[in-house]
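There are 2 protein chains.
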Amino acid sequence: MTLEHFDVGIIGAGPAGLSAAFALKAGGKSVVIIEEYLWGGTCPNYGCDPKKMLLAAVEAKDQVEHLAGAGVVGDVKLDWTTLMRHKMAFTEPITARKIVGLDEAGIAHRYGHAEFVDDQTVQLPGNTIKANNWIIATGARPARLDVPGDHYLLDNEDFLNLATMPDEITLIGGGFIAIEFANIALAAGAKVHLVLKHDVVLRGFDRDMVATMVAEMTAKGVNFQFMFDTDTVTQTADGRVTLHATDGRTLTVAAAFLAAGRKGNTDQLNIEAAGVQVEGNGIKVDEYLRTTTEHIYAVGDVANLPVPKLTPTSSAEARYVAGHILNPANGPMVFPATPVVVFGSPKLGEVGITEAVALTQGYSIESFDMSHWMGYYRNLEPVAQAKVILDQQGVIVGASVLAAHADELINYFTSAINRKQTQADMRKEMYSYPSLGSDMTAFMGGGMD
Amino acid sequence: MTLEHFDVGIIGAGPAGLSAAFALKAGGKSVVIIEEYLWGGTCPNYGCDPKKMLLAAVEAKDQVEHLAGAGVVGDVKLDWTTLMRHKMAFTEPITARKIVGLDEAGIAHRYGHAEFVDDQTVQLPGNTIKANNWIIATGARPARLDVPGDHYLLDNEDFLNLATMPDEITLIGGGFIAIEFANIALAAGAKVHLVLKHDVVLRGFDRDMVATMVAEMTAKGVNFQFMFDTDTVTQTADGRVTLHATDGRTLTVAAAFLAAGRKGNTDQLNIEAAGVQVEGNGIKVDEYLRTTTEHIYAVGDVANLPVPKLTPTSSAEARYVAGHILNPANGPMVFPATPVVVFGSPKLGEVGITEAVALTQGYSIESFDMSHWMGYYRNLEPVAQAKVILDQQGVIVGASVLAAHADELINYFTSAINRKQTQADMRKEMYSYPSLGSDMTAFMGGGMD
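Chains A and B supply the protein sequences, listed in that same order. Each step along the first sequence adds one to the number in full-length UniProt numbering, with nothing skipped, and position 243 is 243. Each step along the second sequence adds one to the number in full-length UniProt numbering, with nothing skipped, and position 413 is 413.
Incorrect hints may have been included.
A pair counts as met if it fits within one copy or between any two copies, since identical chains are not told apart.
Distance condition first, Cα-Cα at most 25 Å in a straight line; then the derived SDA-like pairs of lysine to any residue [what the hints assert, rightly or not]:
id, residue 1, residue 2
1, 77, 124
2, 428, 390
3, 220, 73
4, 387, 101
5, 428, 287
6, 197, 211
7, 387, 369
FYI, nobody ran anything at the bench for these hints, they're computed from the structure.
So here's chain A without its partners, still in its complex pose (with noise of 0.2 Å):
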């Protein structure tokens, strides 16, 4: 059993703690590492990183799907065990590169289980480590249902191993998750289920493109069942799934994931030895992102925070924390405009204030059918939906975009958000053309300036 001493100790090492750690090496305090699972955490591991890598894929039969009998001759098809090789390629490097990076950086890192003893000792098997500051960095999980047979039901690190893509699947949730997964499934060829024990599919987007997204998924086959409350899972004799719901409604397929929400991984750290509290779905933090314990704080998607939880959320608070450790002084953590994207077919992404909020404001809302535009016209993209909330000043507040490459497309809102543009200004821009950027400077505000 040794001890060691650091200046800092971070527990997790998903994007959020591996920033902070390479930032307060960078600003010369003594950094140590933990991280129980798989280096680099949820994000690149089995988060957002391979399921854009699956998503290429299913993008490029979109493209040629679109543009049958526009000049575009094939039949594309999705091979899941290559599809799988490729994401594989660029998953299972990971570990190795972080471990690389951090040893490069001269961050000390040691795998195992942590728990606190008191508020400055961390316990893992065979060692002990003290240190200054404490940053809990542990991430999320996916909620369990709880019900009986619960261990029947999978999860989204299942579903991006999965080494055959099941002929029948369900997806349990109506947020990004299922989403994002039911299109891939589909384009996998899967029949696809989404249960949800609600009516409400991705709650806090707007709600006009959702509706579209949600009749675009049931017209390519996808099977939406709402109110659908599942109080037992079942398998059957030859290994299929079946969910129960309270109603007497059944469902059986080949696997079903779990895909309802997510939780702070905050109930395996003895955090109570460190007084640190449990608040909502994650740790309490204040506005310094401090815990109840002032110098242990809490970052990523185990913090309760009104963010949503993203990668480059969980970073930018990483770096805030690190300059916060570094100079006490700082003030508190102000957050820009985040983009949010549901990386369906097409793609859903939103920033700032949505129509909903801006209709409680008396903010004026532009909407722009963008199908005739350049950039979707030449792809005869189905569907391609812009929103443009203004407040009273006819500054850009917030943006909703529906279409194939709204990934990008809503960068140029945050931008313009964050340096509280007008359409005017934007227009003011001067883009390759033709370009997403150039139709939306040529459409936009038209006869504003």
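Use these hints to put chain B onto chain A, whose structure you have.
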């Protein structure tokens, strides 16, 4: 013979002329715009827009080919006839739409060939128009070779209207039109030759990236013939075209297209009667875009200006001139950083200062191999490179990007240059994750902030 009076007359109804017309009308002027060919001009009818329509199919084919063996199974081909129909669905309504737009705005439009009578008067077949100010926006046309048999050579408009793609074609020139058409023709199944009088492909662009582009195209089968100085063009008995070079080389193909520079449409306007002078390849203008006759302006491709001849610059010049006519106290035209994109496979985008200029200024250059960045790796793009030029203070003053999505990526750098941002400033943006934008903020200028 009628005589009409307007505040402002505009000759040429391309992007420049139309932008000027709408801005002046909105400013309260009576405006007439004259066109002798297609309303909308080169860009939407036989330039950048239809080219990018055709490219949609090429991109779909590229994407499937890149992901062959990585999850995408299928053989994609281009069908030129349906591809042309896709293009025509876009181009055919243009004239009618432009006329409707002019009518709705209350802008007078006249059809026919215009010639100056004096510095206020223009003659059309059947009527005479007097205006206080004239704006010349007549655009440019392909430079001819002016050798015997020159009339056997086709041009960009012919290429973009080909009923069928010939089995074997030659493009004469090494500029962006030649490269773009070569790429499209190759994807459509043609054998492609590129003949250059010199040995400089894409003059002014980053030499390393151009070399990579030429190597990629050569590997795909494009036959570059350098120092091929055509002195005669003949036709074979079966209707094929033969180029004869001064050094004895010959090249016989189904069709040969001029893509060796463009020349301002200055020579059929009788501009001498208005005191307007020619300079270089266009009309001489001062920093207010005034010709040698102060109340006559020239904008767009016909103006001899040291900026790229692009649709966005044309429109910006037109809006500037409209502003100057409405408010003569306005200062000189200021050009923002303007991105230029060669729409090949991959695309080459550049903005601001190039490496060649940077080296003479003591600026620094950062090179990025982006092929392992998520946005490129996921599509297995064979080439994805970027160079960023930084001044002594680390401010971004130029960028070159060679990648499938260079047309979008270069826009991020354009904004950064216009805002005098450093790489650290760019890293502060919170973009959607993962996207081309977030890749950039994650990888660029590592260790700088």
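- Have a look at residue 197 and residue 211 and pick one of within, between, both or neither, based on CA distance no larger than 25 Å. Within. Shortest intra-copy distance 18 Å satisfies the 25 Å Cα cut-off; inter-copy 58 Å does not.
- At most 25 Å between C-alpha atoms: does residue 387 with residue 101 qualify within a copy, between copies, both, or neither? Result: close only across copies, 24 Å inter versus 42 Å intra.
- Task: Can you give me the call for residue 428 and residue 390, within, between, both or neither, at a CA distance of at most 25 Å?
- Result: both (17 Å within a copy, 24 Å between copies)
- residue 387 and residue 369: within-copy, between-copy, both or neither at 25 Å Cα: within (9 Å within a copy, 36 Å between copies)
- Message: With identical chains, the pair residue 77 and residue 124 could be close in the same copy or across copies; at 25 Å between alpha carbons, which is it: within, between, both, or neither?
- Response: neither (48 Å within a copy, 58 Å between copies)
- Item | Alpha-carbon proximity context of residue 428 and residue 287, limit 25 Å | between (36 Å within a copy, 20 Å between copies)
- Same-copy or cross-copy closeness of residue 220 to residue 73 [CA-CA at most 25 Å]: Result: close both inside a copy and across copies, 21 Å intra and 20 Å inter.
Checked against the numbered hints listed earlier, the structure breaks hint 1 alone; every other hint is satisfied.
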